[in-house]
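For the protein sequence lines, the chains are C and D, in the order given. Quick note: to get our numbering, add 1359 to the position in the first sequence (first position is 1). Quick note: to get our numbering, add 1359 to the position in the second sequence (first position is 1).
I should point out that these hints are in silico values taken from the structure, not numbers from a laboratory. One thing to keep in mind: the hints can contain errors.
Treat identical chains as interchangeable: a pair holds within one or across any two.
Simulated crosslink set (DSS-like; lysine-lysine; CA at most 25 Å straight-line) [claimed, not checked]: (1) 1373 with 1520; (2) 1747 with 1681; (3) 1727 with 1681.
The residues making up each chain are set out below.
Number of protein chains: 2
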Amino acid sequence: MRAEIVSVGDELLKGQRVNTNAAFMAAALAGIGVPVGRIVTCSDGEEEMASVFAESLERADIVLVTGGLGPTRDDRTKKAVQQLLGRGLELSEEAFANLAARLGQRGVELSGSLRDQAMVIEGSHVIANTRGSAAGMILCCPERFQNHYLVLMPGVPSEMKAMMELTVLPWFAALSDTVIRHTPIKTVGIGETTLAEMIVDIEDALPGGTTLAYLPHAAGVTLMISTLGREQEVVERDNRTVVDAIARRAGKFIYATSEVSLEATIGAMLATRGLTVAVAESCTGGLVASRLTDVPGSSSYFLQGFVVYSNQAKERSLGVPKETIERFGAVSEEVARAMAVGCLEKSGADFALSTTGIAGPAGGSLEKPVGMLCLAIAKKTSGVLLSKTLFMHADRELNKFRFSEAVLRELWECLQQD
Amino acid sequence: MRAEIVSVGDELLKGQRVNTNAAFMAAALAGIGVPVGRIVTCSDGEEEMASVFAESLERADIVLVTGGLGPTRDDRTKKAVQQLLGRGLELSEEAFANLAARLGQRGVELSGSLRDQAMVIEGSHVIANTRGSAAGMILCCPERFQNHYLVLMPGVPSEMKAMMELTVLPWFAALSDTVIRHTPIKTVGIGETTLAEMIVDIEDALPGGTTLAYLPHAAGVTLMISTLGREQEVVERDNRTVVDAIARRAGKFIYATSEVSLEATIGAMLATRGLTVAVAESCTGGLVASRLTDVPGSSSYFLQGFVVYSNQAKERSLGVPKETIERFGAVSEEVARAMAVGCLEKSGADFALSTTGIAGPAGGSLEKPVGMLCLAIAKKTSGVLLSKTLFMHADRELNKFRFSEAVLRELWECLQQD
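Just chain C, same shape as in the assembly (with noise of 0.2 Å):
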């Protein structure tokens, strides 16, 4: 079975609101084991809608429709719905019971337009909808589309949400005779093409309904290993071995086989062994104590951040010695040793992170360059563990990003060998 997703809006076609209802019921079939082949997004007229839907439907097994049920004009799905299958509309006396239940607690009355909410393309069966008015419909089209599926749900997120998850996906998993397995490989610090290279042999051996796709995002590539197929346990078995040979590959890069950011992973580091951190940031600008503090239950291990940015503030709130930064530099791993030090000191934290460097688009030089980064890593039992020196070439925001990943990225190698 394979399906296909339509979004109607002109707001998605002007780009002023971004689809994720389609992200969101596609994942939602890749759950149940069936793929999406195409999504495509259009207007809300009634001859293009009534085209791209006889378009989808002759590609696909099912066809998921969300928007223009709602009350208003530009609401035509219905009218093109008929128009495609040349069927009429009936009250669904259960849609009905709904809207009045909805409405009467509210204590309004039930006007025509109302009424229409509750009218439905005959012979479809009725998703009730638990969130709002508009009845959504999974018909099947026998007419046409040789049984072929097409399902009217509304565009409001949270109501199409539900009757995805109540009705529309029970319906479909029963029908479905495939099993999946995602896995994600989620890595810090190596390139989509370094990466591909590493494992160029892997990848030209992938088991039979098993796929491979580079998710590269502002620090990273995230790997995502698919396994489709129609018995549970060769789908597991076929899916891990890809993982393991993976993870043997390249484990020194991946930080996790899971949904999890890195920051969340070394929270989890930090909280089974009753560890605590610090950090000291210049050109990070707060950013690294704000990713650690996006984790629930951080309060239990992140201690204390100090955003120094000016040269008087590394000096009073951390102790770096003046003449440290007149003889080196701010920017430089004399300094960036200095902070962390002086973090260890100032907070009591068994671990201090510190950055300073460039991030742009003034303030650098041939031999200190915009997107160049020092950082180390203190530990209150040993002192300064690492410094380093790396080479960033971003914008400002895309720069700061990469410095946190990097700092945060050399504490998670410190936590693994520690």
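Knowing the structure of chain C, use the given hints to seat chain D on it.
Okay, now just chain D, sitting in the frame of chain C:
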């Protein structure tokens, strides 16, 4: 002129990534008066891409494609276009020089797969990639599609955005005979419904060709006023009339009528007056410092940040009295005020902001629920200017962002009155 957008990528069809690229491109095209008819997401199979490209080229004058130009094996966009148009590849000297310059700096050799990145479809106009290695292309297609345009760009958002702004938009703006004017009205501290009620009569009386869209986001609403027409002067006048009317009505919630962030607006106000700022953060965990330092040139006014998660850090780094914390609790306006005053003293800045609250998910109580924020602002010359308690009710990440927005909004108001 009409456009379509094709997004290539299995990760989009699996719902592993939300298609933000398409929204960006659609909004950008709207900005030069080119409406988007459809957005199609398809898989990276060669046959599939070739047929999607062909269908779109038959319907639209311009087809923008993103994805499938990278160095890995699942990057097959160029192959699909070769198949579709029957053209070969040629080395682009320009793209190769760009690649060599980029990678030379990092000391990496130009391997075969990297050289492939500089190969383009014969007869294309090359779009320089200022953020990455894969070259983009603009192809005029006289072979099959009556001089319709096919534009190929990488799927990495930063690379695609730079290509759109530097090359693609100027190229097609010159071919478009429609004038369009968009003005964003950026608000803070007011919800969509309240704002809509406040300007209902202005919305009812919009001039012809002018539309008003609500773009709600995590912390507020941007109103987008768009005017479309043939004559520059009329378009500008109609657009300005609406913007001015809304500004008169809702001025106290509007911080900008251009694409600028709240932090950049504040930064410009500080820089102009030669004032400096420092921040003391508990619940925002460094996010306020990070947002302020996202602004280029922020080192001229941002002195220092203190991320004081633990009570001990509040006492030691900012001199918050232990008894204040014990008597009122760490989340209290009393502590927020003491943090702001301590931050002023330790940093020497002209303004100090502070936040203390409960981001969640744990740590809430009936009196102090998750989403509670206490904030304060102090000024060197006059001490504490204000303290406030606010209540948000969202998840941890959204609360952190809303907390940061709330304290930045208060600073913005103080600066307006200053």
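Now for the hints, and whether the structure bears them out:
no.	hint	verdict
1	1373 with 1520	both (24 Å within a copy, 16 Å between copies)
2	1747 with 1681	within (21 Å within a copy, 38 Å between copies)
3	1727 with 1681	within (20 Å within a copy, 43 Å between copies)
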